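Asks: For the record, the sequence lines run as chains A and B. Note that the numbering used here gives residue 370 to position 370 of the first sequence, counting from 1, and the numbers run on in steps of one. So the mapping is simple: the numbering used here equals the position in the second sequence, first residue as 1, plus 1000.
These are computed hints drawn from the structure, not numbers from a lab. Fair warning: this is a prediction, and the values are worked out from it, not measured in the lab. Some hints could be false.
[Claimed, not checked] The following label-pair restraints were derived from C-beta to C-beta distances:
(1) G78(A) / T1030(B): 50 to 58 angstroms
(2) C1049(B) / F226(A): 51 to 59 angstroms
(3) T1030(B) / G255(A): 51 to 59 angstroms
(4) G202(A) / C1049(B): 24 to 32 angstroms
[Stated by the list, open to error] Once the Cα atoms are required to be at most 25 angstroms apart in a straight line, the calculated PhoX-like pairs of lysine-lysine come out as:
(5) K1002(B) / K4(A)
(6) K50(A) / K1006(B)
(7) K1024(B) / K4(A)
(8) K50(A) / K1055(B)
(9) K1055(B) / K2(A)
(10) K4(A) / K1006(B)
(11) K144(A) / K309(A)
(12) K50(A) / K1059(B)
All C-beta atoms in this analysis are idealised placements derived from N, C-alpha and C, irrespective of residue type, glycine included.
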Amino acid sequence: MKRKQKKVLVRIIVSAVLLVFAKIFCPDEWWAAFVYAVPYLVIGYDVIFKAVRNIANGQVFDENFLMVIATVGAFATGEYTEAAAVMLFYQTGELFQSVAVGRSRKSISELMDIRPDYANIERDGKLEQVDPDEIAVGDEIIIKPGEKIPLDGIVLEGRSAADTSALTGESLPREIDAGDDVVSGCINLTGVLRVRVTKPFGESTVSKILELTENAASQKAKTENFITRFARYYTPAVVFAALALAVIPPLIAGGGWMTWIHRALIFLVISCPCALVISVPLSFFGGIGGAGRQGILVKGGSCFESLAKTDTVVFDKTGTLTKGVFNVTAVHPESISEQRLTELAAYAESSSTHPIAAALRDACNTQIDRSRITSCEEIAGRGVRAVIDGEEVCAGNGKLMDDIGVSWHPCHHVGTTVHIAVNGVYAGHLVISDEVKETSAAAIAELGRIGVKKTVMLTGDADAVGKDAAKKLGIGEVYTELLPADKVEKVEGLLNAEQGGVLAFVGDGINDAPVLARADIGIAMGAMGSDAAIEAADVVLMDDDPAKLAKAILTARRTLRIVYENIVFALGVKALVLILGALGFASMWAAVFADVGVSVIAILNAMRALKVKN
Amino acid sequence: MKKTFKLDELDCANCGAKMEAAVKKIDGVTGCTVSFMTQKITIEADDDCFDDVVKQAVKVCRKIEPDCEIIVK
């Protein structure tokens, strides 16, 4: 509790004790009002002060002012105990509310606190702690076990494991070795690392994420705007209703002024819209925090609203559903051993920089001995011809085989096929393809289970490759051989066909930023460090796992449910107490509950949004 | 120009909403959001009158909630 809150607490206790004494010892005389005024003033003097000050500033429908009218009115109608007690309750509720909001603010910001406090830099042989802002690109920093990685960089020395959970929600530590890139915001777990900084602090991942989460709260959801607009009319409406209630019934019925004025005062107590105005942004904020904990960055409450209604998910293939890394997935030798075929392919392609050549070299585990290659000639659009150990090896596509007059046959495996011929004899082929991520199929099945109606895959890959991947993953619609511009067009087509639903596009952020921006909701994946994606997307999945998608949608739905619960609950209780109050069944106590009690309950409910279900 | 300021002692959510509405009415302001959760106000206004707008915003907010203050760095 802050000092200010403690002071209020002391006043509450003093006032409560005084009130109890007054209740026990004070006789029912005309001067009783002055006795009850003591606990009333102890607890309410600041409210009265604020009311006067705000009226001077032209704030008519100020909650302090309304509370003062209500309680002074109660005094005037002879309800001394009630007047003091209502003020007491009001202040207690406000205190609760302020503590609860403070706590939730703190727990959410702690959750998102990945800001590194310092970086260790070596100066004159000694380690110094400096502000990460002062470190320049190219500086070498030391990261000890247990410390946060302060800036993005590349490991020069050391081996360790990094806890990336603050960024990705992934609890399994990531292995780090010399030569690896490290991302700021992770925690170094086991070993000392010497890292060369590759990005200044302002451009490091951690700053990007912090900026994003801090701005998240300013992108307000429709519900939030609705509530603030509602609040603007709610208070005057209730106040005028109170006025009408105080005047009209006694005029019609002739008399009973005291009863009706008392009922009107109840209205004034309920007229503050704070419970509503507080609970909606708090729920969204909690949801953003809870999603962040799972490695899902949401750019604002409005994104939750779209995400929850998603019924079509469009995927980019490479890097999103597949690993985006080419691997040899099949080796089919004809006349030689599997190992020999792989070796020949690797040697033939040893001087090429093409990703396919890299995949072939990776498949062959042995070090390439260049002295065995006597000549090597690249044939554009065909492949390579090389002389290895005195044998002529041709590696390439079907066209190359036709050119040299070797009979070949296509492979039943889908992917890029490299045929090999040795001394003019067909030796077999290797298939290179991009591997589907282990979690992709399950992720798509999960989307179907939670009610996403349509999944679509877009890819720039060959038709056969794309269709095969879609079939394996259980994706309904697939469009292949698309250029980046075609993807935008396809998504626009799907958007037009869409009726009322929401279309989400999921991409890895590399050259699909325009599509991310065009979709109803753009989701960038595996974006640790990819600036364009973070800029263009509405939701960023921090790691590569497509399974996070269903989690993101479920978190959005849960958050929205909490928001609606709070709105219905707060409005419901207020409406109920207003009706009961008008009919004379509700006391001013119930009214105080409908005001501050509801706020506290709504705040506690909003905090549920922060919890993560696994 | 767009700038974010910290709001000290913003205790009442409705006051935040009132401040947002009031700041939006200041001449030259093109956008304003008050985030009750992060206790921050973002003001967007034309470059040439920005400092003036901020001064007015501070004044307007003080009128609405005298306990709460925009911290102008």
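Asks: For which of the previously enumerated hints does the structure constitute a violation, in increasing order of number?
Replies: Hints 2, 5, 7, 9, 11 contradicted; others consistent.
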